[in-house]
Structure formats: C-alpha cells, structure tokens
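Chains as they are written, first to last, in this note's numbering: chain A, 1 to 421; chain B, 1 to 421; chain C, 1 to 421; chain D, 1 to 421.
Check each hint, because a few of them may be wrong.
The list treats identical chains as interchangeable, and a pair is accepted whether it falls inside one copy or across any two copies.
[Stated by the list, open to error] No farther apart than 25 Å at their CA atoms in a straight line, the calculated lysine-lysine pairs in the PhoX-like style are these:
1. Lys96 x Lys277
2. Lys251 x Lys277
3. Lys251 x Lys96
Just so you know, the hints here were simulated from the structure itself, not pulled from any lab data.
Given next are the chains, with one letter for each unit.
There are 4 protein chains.
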Amino acid sequence: MATQARPVPEGILHDRFQAVRALSRAIAAPLSDADATIQPMPDASPAKWHLAHTSWFFETFILRDHVPGYRLFDQAWAYLFNSYYEGEGDRIARAKRGMLSRPSLAEVQNYRGHVDAALLDALSGLPAEALNLVELGLHHEQQHQELMLMDMLATFASNPLLPSAWLRREDDAPPALPALSGVRAHGGIFEIGHDGRGFGFDCESPRHPALIHPHELADRLVTNGEWLRFVGENGYRRPDLWLSDGWQWVKENGIEAPLYWQSDGEDWLRFGLDGLKPLRLAEPVCHISYYEADAFARWAGARLPTEEEWEVAAAGLDPMGGNQLDEAGPAHPHPAPNGTGLRQIFGDVWEWTASSFSPYPGFRPEAGAVGEYNGKFMCNQFVLRGGSCATPRGHVRASYRNFFYPHQRWQFSGLRLARDL
Amino acid sequence: MATQARPVPEGILHDRFQAVRALSRAIAAPLSDADATIQPMPDASPAKWHLAHTSWFFETFILRDHVPGYRLFDQAWAYLFNSYYEGEGDRIARAKRGMLSRPSLAEVQNYRGHVDAALLDALSGLPAEALNLVELGLHHEQQHQELMLMDMLATFASNPLLPSAWLRREDDAPPALPALSGVRAHGGIFEIGHDGRGFGFDCESPRHPALIHPHELADRLVTNGEWLRFVGENGYRRPDLWLSDGWQWVKENGIEAPLYWQSDGEDWLRFGLDGLKPLRLAEPVCHISYYEADAFARWAGARLPTEEEWEVAAAGLDPMGGNQLDEAGPAHPHPAPNGTGLRQIFGDVWEWTASSFSPYPGFRPEAGAVGEYNGKFMCNQFVLRGGSCATPRGHVRASYRNFFYPHQRWQFSGLRLARDL
Amino acid sequence: MATQARPVPEGILHDRFQAVRALSRAIAAPLSDADATIQPMPDASPAKWHLAHTSWFFETFILRDHVPGYRLFDQAWAYLFNSYYEGEGDRIARAKRGMLSRPSLAEVQNYRGHVDAALLDALSGLPAEALNLVELGLHHEQQHQELMLMDMLATFASNPLLPSAWLRREDDAPPALPALSGVRAHGGIFEIGHDGRGFGFDCESPRHPALIHPHELADRLVTNGEWLRFVGENGYRRPDLWLSDGWQWVKENGIEAPLYWQSDGEDWLRFGLDGLKPLRLAEPVCHISYYEADAFARWAGARLPTEEEWEVAAAGLDPMGGNQLDEAGPAHPHPAPNGTGLRQIFGDVWEWTASSFSPYPGFRPEAGAVGEYNGKFMCNQFVLRGGSCATPRGHVRASYRNFFYPHQRWQFSGLRLARDL
Amino acid sequence: MATQARPVPEGILHDRFQAVRALSRAIAAPLSDADATIQPMPDASPAKWHLAHTSWFFETFILRDHVPGYRLFDQAWAYLFNSYYEGEGDRIARAKRGMLSRPSLAEVQNYRGHVDAALLDALSGLPAEALNLVELGLHHEQQHQELMLMDMLATFASNPLLPSAWLRREDDAPPALPALSGVRAHGGIFEIGHDGRGFGFDCESPRHPALIHPHELADRLVTNGEWLRFVGENGYRRPDLWLSDGWQWVKENGIEAPLYWQSDGEDWLRFGLDGLKPLRLAEPVCHISYYEADAFARWAGARLPTEEEWEVAAAGLDPMGGNQLDEAGPAHPHPAPNGTGLRQIFGDVWEWTASSFSPYPGFRPEAGAVGEYNGKFMCNQFVLRGGSCATPRGHVRASYRNFFYPHQRWQFSGLRLARDL
C-alpha cells in the first residue's frame, strides 16, 4: 500500500479518478458481453470481472468503510468480486470466474457508475487515510488495466477465429535495428526502494542500501530477430541451456517459441490485440517466461540483471517516458530508438530480473485486508521491472516491482541482458 | 440414422422443420450472448454452440452435399461447430467450446436464418436420401434442444447468484402421492427395436426377438420423498449398497444427494431453470446417476429394469403422452397421476435401465459420416428410456435408446423399480 | 460363491488344497523378496501380497469364523491383506500395496505355512458351509495364481533390464498356421450359466435360457501375424475403426501395438516371463484391450462373439483341454493345432466378448462379505471367456465369466472373430 | 564442484574414501533387499539406488574418464543409476526408480566393492583433476547418506506396520529447556561464500562481499513445545499467517502438523527411524516445510534469517561440532544445550532461511557434466543452512548451501527465528 505522508490534493485526485476509471471503460469498449465473460485460463480473469473487482475495491475499502450511510450496490457481489482478500471473507473460486454470465457487462458498467458517483460525491469529505486508499485504488485499477489487456489477448488467442480487438494502427516502416552495446556500471552501495515521494506499493519499501557489483547492462532489449537465432540454433532443444525446472516445463508443454508466435510453415507470425501479423524482427521479444529469458541469457553468454542493478540504472531516467499505454488500443512493443545509453528502460516490455520476489529488509505489510496486497505473494515468483507498452503511463517508476511465476508468460514480458565485469 | 423406407411428405417436413427450428430459438430466448457462451463443464456445451452445431448439421449433410451451388455461410465455422464427426475433419477440442465469444449469439442466429432459408428453398427439390437426412437433422436438433436445457441448467447452477431462466409457472398444490404398485409381466419372446414405421435412429435397429423373464415393474417413478428416506437411512454411506465403481465415485466426489439439491440446514431445496425452490416430495427424483439409481434399487430390495423389459411394457402406450416438452420453459417432472397401471412411462424423467448400450444383433451403422452418430458410443454407457419433461414431445418412442455414462447426472434422469418374479 | 449342493469329499479337498497351495509357492519361486514387493501399477499387486492375501482369505473366512480357538497369525495383517471386502473393515489403499517391504517374503511364506497347517488340521471337522468356503478359497487362489503371473510380467516389464523369471523352454518349430474357417451356429433358446455340477462362482448363476441368433464363430484365435497386418494397414491410426472411448485411449496413451510388443526398428519382439523374444506369427495375439479387439474385428469385417454364443459353443468341449497352466513357468499361448472345428476354446488366451459384465436374470450375491466377490463389479467391465495359458488347469469351465475394464490388457487376452449369419 | 587449488593428499583421501564408503554400507545394514528397493514417493529414491548411484558417480567421472583400460561393471547400469545428468545421456524416469528389484541389493554391494577396489587401486596414479573429482564424489556420497536416511524414513512411514530401522538408543531424561534469547548482530559489509580452504561446492563461490542489516538471531532452534503452541493457537487455520502458496498447500494437503507427527487422540507421537515415540517438547521441531517455518515466524512476530545473516553468525563456530551423524543409526535432533550465545548452529536440523537459492555474483558452474551439480537448480528453491543430525560430521561448513522446494519436508528441517533491529 501507499507509503506516503500526505495525500494527493483532492482536486487532482478527483481528475485522476475520472481519468483512470474512463480508461478501463475504453479498454473494454471493443468487447461484447460474451467477450467480457470468458476466462481463458485460471490465471486470467474475464474483463467483466476486472471492471467489477476494481469497483468492489473502492466500494469496500473506501465507501463501505469510510462513508457513513453508504449502501452496497448489491450484497451478493462481494462474493463474486473479491479477488484474494482472505480478510474479506469467502469468494468464488478463482478458476470459476468465467461462470459469471450474470451480472451482465451492462450491469457491471452500472455498478461502476454507481461507485464512481458515490466516490466523487464523498471525496471532499474523506479523511486522509481514506484518500490514501483512493490513491491505492487508482494504482490498483491501473494494474488491472494491464491485466485486462493481457487477459483479452489470452481470450482472443483461445478462439480459433483469432479475432482482433482493434484494427491495426499503421506502423512506420521499422527502423534499422541499433546495434547492441553494453553500459558499464561500477559497484558500490546504493539506495534502493521507494523514496517516499509520491505513491509506492508497500513492497517497494523500506528504502534501504544495497550492494552492487560491477557489471554491464545491454543498452536495449533483446529483439525478435535475436530470439529467432536462439530458436534456429536449437535453443529450445538443448537442456544445458535451461534450469532444471525450466527444461521440465519445456518438455511437458512442448514449448518451441514465445507465446502467441505461430509459424505458417515459412514465416513466423505473432498474434496480438490487432490480430495475426508478421513478426517484426526489430521489435523486442515479448511474452516469454522467466525460464526462457534465463535460457536465452545463458545461450548469449550473459545473465539477467538483478532488480537492484536495474533500479540503480533506472533511477535517473524519466518513468513517464518510453512506449507505455496512453489510450485504449493494441499495446505493442516498439524497436529501440537510435541513440546511445540505456534505452527502453521504461515501457515496451517488462524486464525479467534474476531476483526472486522477497521482502526488503524491514518490510512490513499494511494493517488490515489491504495488507494482503503484495506480502503474501513473496514466494516462488520473480521480479520484473520497468513497465510495458500495456502499462498505463504514470503507473510505473524506478522502484516499481512487478512479479510473476517463472513459467508465466501471458504478460508483456521480455528481457535485457547483463554481464559481470 | 433413419430406418425408414419412404421419406416424410415434403409439406409435412416443411412445417416440422419450421416448428423444430423455432423451438430452439425459443429455448435460447432468455439467454444473453454471455449466457449462451459459457461452457460449465466439458460434458456440456454453450447454448450458442448448440444453435450453431444443429445448423452446421443441416448445412453440411444436406446443403453442402445435396444442393448444387450452395456456398457455406462461413468456411471457418466447420472447425468450430463439428461435434465429433472424425469423417468431417478436425474440430475445436470439446473442452474449448466455451472460448467462442465470437461469433456472437446474433451472428449465430443469422447463420440459422441463412440455413433455414436455404433449406426451405431447396426442400422441394431434394432427393429422397437428402430428405431422410433432413428428418435425421430434425431429430438431431430435438436431441440438442434437451441438451440445451440441461446445459443451461448446468450453466446457471455454476453461477453463485443462481439465476433463473424463466419465472416459475404456478404449480397446483401437489397431489397426494399414489401408492406404489407392481405391474406383473410374464416371460416370453418379444419383438424389440424399431418397427420401421416412422423415424428411428440406427441404434434402434434391427428389430429382433428378445427373451424376457417374468418380472414386475413399478407402476410409477421413484419420488423425491422416497429418495429422502434413502438419504436419511445413510444410503450414501453404506458401501454394501453400491457398485464398486459407484462407491469410489461417491467418495471421490463427496456425493450426498442428487445433483442440484441443496440443504439450507433444515429443508432441502432443488435448483432448476425456474430458480431455487423447495423440494416437492411427490415429484419424481431427477438428476441422479446410474450409480445412484442402482444403489437405491438395491436398498429398496429391487433392481433396475432391462431395456427390453421396459420396451415391451411401453410398446402399447402413447409416446406422445405424459409430461414432455411442449414449449420453451423450465422443464420439471410432475408427480404421478392417480390411476392404475403403468404411468409416467413417457416423459417426466429418463429411466435408467440395467442394460449397457450395445449393438442389437445384426446392427450396422449407416455409411458416411452420419454413421458415427450412435455406433461408436456403444461402450461404457447405459441405456435410458422414455424421455423426460425436457424432451420435445414427438421425439421419443418405445424403441428409443438414450445413453449416458454411469456417473453422469446432469440429464433429467430418474428411475423405476423392477423385481424378478 | 459356490453354487453347489454337496461339498467336495474331504479327502479330495485335502489333496487339492495341498496342490493348489503348492503351485502358488512354485510360481513365486523365481522371485527375490524385492521382486515380490514391487507394485508396477495400481491395477497390479506385489507377488508377496498375492501370497498373503490368499492366505488371509482362508484365515478369515474359515479359520477365524469356523475354527474355535484359532488365533490370528498377526492381528495387524488383516489391514494389509484384505483386498476389497468393505465388510471386513478398512484396508491399505490399493495403490499402496507396493510399500510393504515388511513383512518379508519369508515371513509371508511362514504365514502360509501356519495357515496351511491349521486348515489341514481343521479340515475333517469343518461344517459343510465352511467346506464350501474352502472350495471357494481354492478357486480364489487359482485366480490369484494367474494374477501373479500377470503382475510378475508387469513388474519385470517395468525394469529397463527386462529380466526373465524363467529360462525359455525350448519350443518346437512353429507349425504351419491353419487357415481360418468359420463354424456356423443356428439360433434358438439355449440354457446358459452354471449347471450346478461342481463348483461355480455366484456370477455364473442362475442358469437361465438365452436367445441366440444365427452366427458363425472363427474356428481359432486371431494370430500375431494377422495382427501385424492390422498394424501395417494403419489399424491404430484410423478413427473409423474404433469406439469413441477407444480412440481417445489410443491417442492419450500413444498405443501402437499390443502390450509387451516392441520393435527394434526391423523386427517385432515380445516380452514375456521368459524374456524378450522374437514375435512368432502363428501364435495367438495376446495382451490386447477390449478396444483393440473390437477395432480389429471391425477392420476384419467381423465382430466379437457374445458371451452366450461363446458358452453355447463351448458347452460340449473339454474344459480341461488346451494350453493351460500345469506348472509354474512362463505361460505362453500356442499356435492353433491342425484339425477342424472349434479349437483353442479353452486355454491360450482369454477371449474378449461383446458382452458387458452384468447380472444374470435372478442373480443374487451370497450373504456376508464373500457376497462382494463378483456382484459389485458388474459395471463398466466386459466378459472374457475360456481361460488362458496362465489359468491353472481345472479352474475354468464353459460357464466361467472373467471380466476386465475395456482398456486393460496386462491379462493374457486375445480374441476370436464372429459374424452374423 | 570443488573450488580448491590443491587436491587432498592421496593418503588422506584413501582413508576418507574407505570411511565414507563404509558409512553408506552401515546405513543400509538394517535393510532387506525389499526395503532397499521401495520408492515411497517420486522425491525419494530407494536405498539401493543411492548405493548404486554414488558408485556410478565414481565409476563414470573418475574410472571411466581417467583410468585407462577400466571396464564398466555393467554397460546397462548407467541408464539405471544416472540421476539427472543430461550430459550423461538418457536415464530411467525419476518416478520409476522403485521398479528396480533387479539388480539385487547384493549385486549392488558387489558393484560397490568393484568400484572401491578399482578406485583405491587407481588412486595413487590419478591426476589432480581426477583427485578433485574423487573429493567431489565423497561429498556427493555424504549428501546421499543423508538422503538415504530421509528416504528410509519415508519408506518405513509408508508401511502401516511402522517398522523401525534401529532399536531406540536410550535417551537421557530430557534436559530443562533453556529460555530463548536473541543474539544481536550489527550491520555492515561481510565476506560471504567459500574461502578456498578445503572443499566447497561450486554454488558456495565466488566469495563476495554482502551487506548485512542490523538484526538479532535466536540463540537456539524452535522446539516441538513451541510448535505445539502454534498448533494449539490455530496456526494451521489462520490464512493471515501464511504465504498465499503456503495456504494453498495447507488446504490441498490437509496439513495440520509437521510430517511424521501423529496424534493418538490424547498425545502427540512422532515417527522416526527408531519407530513411533512420544513427542519430546524440548527437542527442535523437525520435518517442516518452508511454508510452515515462514508461518510460524510470522506468528511469533519474527522472520527467518537470510542466508547471509546465518553465514556471518556461523563463521566463527566449529562446523565439526553439534549433533551430526557419526555412525549409522536413527538420526534425531537434541534439545539445545545450556549456555549462552548461539547454539545448534551446526547439526540437529537444517535451518530454513528466507533466501531463495540463487547464483552468487560471478557464479560459474564447472565445465562438463558435473556442472549440472547445483547450478541448474537455482530456481524455486530455498536455502537451508547448518546441517542436521543426519548430516555426516565433516560434511558441512559455514558456507554450505542446501536447498529444497518450499513445500518439501521429508528432510531434517527446522528453523531459527530472526528479527530486525
């Protein structure tokens, strides 16, 4: 949860609330009620569920708890739209979220309207503690906006017709791919974690010193073209390149390429929210698991960066920059721009790090149900950094820690290489 | 497939086609696009899929094969809406039918309209062979009408909100339950199977003599009240009452009552397409597996009838009578009417028999893909007889053989007791 | 259980008891303690367990229940060596029988000695009811002798070293394969089931009339050579030949040949208790599932016989004849002898029939725990007839009904073709 | 693998080789061939397999690769006794190791004798590289000695008779439990990892500076008595105490106590290689998973130490001290001795740390197949430190890193609490 002393001014919060809530609606705009109902796998949730759950979050932790006289939109919905908060009682099994043809998408949109009106109405009278929860709720909703894009993609990819959510936006001819260079970093003690300015999740705190060893980071992300070489040189068939668990995953699932790649016999295509398109070699590779990222790095004679190395490198860069989500549409990573120095740090694809998701020294989860936000997931997952083309601009920062299980790859994930010096 | 010499006259077929196709639409009327998209379990299919598959059947086996110049509505849809015809090529995995948010319900209804128009247009020019296939297609669609009701019920039962598809139709006060009597039948050789008059599926043929032993059949179905006694006397906890496979099924699945029953601590309720309602004791028990039917019969000191015994008993009764489906609505079994002699033979609930589904002596499946209709399922399943409240009136007959696996119970299935004499 | 009026004379029973018990020991003779401990799959049991369980049967149902003052060899062993008798209380999970390194094989042999001595000592004083149970126990042990051979084969086949239990007995040069002829049978009513002379299991009764339709039975079993043609003509790759459940079984398990066949690239070999040997074409095919037998018959334009057809044909033949088990050793089916008329009816391989294992009209299981012997398995299994090369001679008869699930094939099972006339 | 410049002198290696190899035999001494054949779960291996695999290691990497003219004991055994070395070719599936009744335990002991003789014979002529591999092989065998004890315990615990491997050695009356105190540690930069003196596995290197934050370590291990309070205060029923993955593990497996604990209704017992005995409260809790350790620490208002904190604390202590394995017997943790300062650092139980098993900065696996020893497991596992009562004395050291998956608990694992200062 938020680690900030003073809440955001109410006027700003008012506008941000409206903007964030509007983006969720816009993302769902191409979806029919049926599209928004499907759960393509237990990891993913229906779009309708995301729309409702983010509203439940505001309704539960702000309206119910801090607005006297507020009446729940529907008593029965807490059971449907609680995600994983044990402190908030029983809930529908995660794998059963796709059974909810009722309430309809329209009813869920009504629910959103109801919560929006009540919250905007109450905003000026909320105590600081509740305003912090509004802030948390907005960041929470931004996370679900990216999840919606991921889950919509997984949904359409499960349909043999491979529908597209949006028409393809015309791309420029892809630029020539800049050569890969290394950016050297010296060792030393650096401060890591959220610095207290603006919003941060609890897992980014406390800020603390970390010891960094001399190393070098690639100045751009690994591309589809480079990944094709890995495929061509039998990267998916050489056990020596893989972690033991990764190799088992490859064999059991018959993995031969990143998720959403398919070959038509001659050429590789990739499926996205804009449909099935030829693979562009200069773009960053996307939708790979930690196992794949790790194997590729080993094949390349390199390794993944640690999250501390990444954060130190990112500290001086603009978290609002790069290819991030500005409006609803088929998020897609772009080739690295020309130039020198670290590029693509923010946006394009989440970068797998070598760091497992663990508590920082002195970490304390928040009190109450929102204390379940991050802490209880600090096991078996790896940290990803930097946001992606599907991350709403303004959501991510240098200290931001995302996390997934090492086999997961429906998120917009790629990698940047690192080397010891 | 059909075992009939002469096709139905075209005018009659024309009207029947329109009536059958209209009923499917009416059954789907209460469904939203999302309702019609959900697949609650691999055994069940989305309503949308049923609507499309039944149309694919007409399009493939009649329009494509017998109407020169007919163009498929959409080339890609054969992959989506072929059910299990290996002879018709690859198809979507059965458990993935719930991924089809596209095409939408409206598009599927357009598809139906297209097929309807083309078929009615072509009807007068079709050869006898194709007319027989139309007849088959209508019976096929009636089967799917019952499946739609079963699958809609499974869908709504998977939603914690327990929505109802139709408002409850007012019931009369339940009649006093008639006492159970036995109807004696002498042994001998009887003709079994389809007699060649009217339509019959291939598995009902050839008609052949069968040897019946003296026995007695209950004059009515087993009721919810009788089943409650079985529950109360620990019927679900006594292994001596169960087949070995049945007992394993009970333990692994924690079975304690028929499907869709739930207890609120004091009373038993049952869920149906009209919502959650108090259990009515005089109604026939419904939604039980073969294992449960067999265990109940053992507990009652009786047995299940064989399919031959049942057919001989049913031979003289009116297959158009009883509680069958006349219009779209929440199919529900009724208490036995007062009277003497065999009642509830047709309609109310399908009656589990002791007979496994096997080929009749001399059975030959049809040539071509429709030969996969029944024959390849003649293993591991049990025969049910008599139709149910969800069976469209006119579909069933004395020689009709339905079949399910012994653990399945989402169909409208119950039992009638039998005893050796 | 036994359906016989008068028990076998005690002197004869005494000798038979010693002979049967000795054969079990002889079958286990090539096994080390470790060999006798392994459970290669949940369907199979360790040899040690068979040796102990058959003794537990005598100890429980005769010594404990009918011999005053008898003390159990070890109180704790009932939990270990009860197979599936719910009436006899809890027991080790079936899949955990392979955890019993203790008691040792030597201790189990001591147990056998103890039970043997006590039973032989008590024999002359036993009431008729108990003598019938001794008779049942001997037939029970003969069943387990065949199971031991099956399970030893499964055990050794699971060891990459492919050890042999016995050295190969020298075979004669295989005879020229007799051509296949059909033996015609007219229809009519025939008596089926155990005739009350000698021992019979409860599932063979009551004897009852059955209606047979005109048909033809092959005069010998299907051979390996014929099966190779089926393989070569893509029998395992044509879904039209298979039952739906069978086809799923083929695909999920990658089935391409009978169990224990392997190809060295050029030639087919088969593994047996005498090791890995070249496949001999004139021998009956063995270790096939019902699904395979059914698919082969369809491919051959034939069908499987019903159990009634088989029994009528076998009624006049000598059940002591044919290739059955006379002494411990690597049971192996033989080519059909020259001649005319039905051959290989008894022995060589169990013959799959088209009949599911169901109760005969009027069937009543025995009272008490031995009532669980057969009746509770009358579901989902198919009947096999005629005994095999691994069936102790004297155990089988025309009315004998063996049964397995349609996917099982570690038993010595093959097929004989039939056709409607 | 070894990170040491100079090999151990050959004379010392000779004696150590004999001692280590003798201990393996002694551990297996109470086992019958059958005991040594059973695989109680896929994670565990049969004792026979351990005995053979450790010999295969010497045979493959030293005798085959470095002793001209050496002939393999049996060509076929590499397939049986390779564990996970992809570089050494195919091998028996891990879950099938329990199928090896052949070779017998006696044959495996012969194999050991053969390898011992050849290796001792060759020792004086081996190049330094091979001598380092001998050293590695000895440490490898010591690891398998502990695994043998773990797997024997799992084997006997799977037998309803609960046999004991060794008679109970008489214990003293348990001492009064010393109170728990905290030992404070200041922060700073400390050297971590193997210092190059003596043997170390590759994963302990390179030695590198680590930043430690001020904290406090408990001076002794958590006891059974303390764990009983956790159980009594519903520790296994409060989701707020658990990691999300841990809570799922608890629910899916019905976890209610440490492995090998059982309640007789009144008292708690624990099963060990000396049989089923009353639980002694002063002894360290043993056989717990990471999830349990983490939940307990949260319940206690503490946390687990990091591996760096642990190593710094252990650096000055004698790794030969404490309750470690000196001879074959039922390894069992002891109560903490009286005194002040850190106790039980070495021996008794492996201590779960909060650190996931990751490569140290600059880590490089060895070249060749032994490079698969540790590196490929650096994912999804947690580090345990300090050795246990089942660890051969002399095997462990301050820099030693053991690792298991967070749900595993058949190892001798417990915990020590830590707190931030």
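Status of the hints after comparison with the structure:
Only between protomers do lysine 96 and lysine 277 lie at most 25 Å apart by alpha-carbon distance; the minimum there is 24 Å, versus 32 Å within a single protomer. In this assembly of identical chains, lysine 251 and lysine 277 lie within 25 Å of each other by CA distance neither inside one copy nor across copies; the values are 27 Å within and 33 Å between. For a Cα distance limit of 25 Å, the shortest separation of lysine 251 from lysine 96 across copies, 18 Å, qualifies, whereas the shortest one inside one copy, 28 Å, does not.
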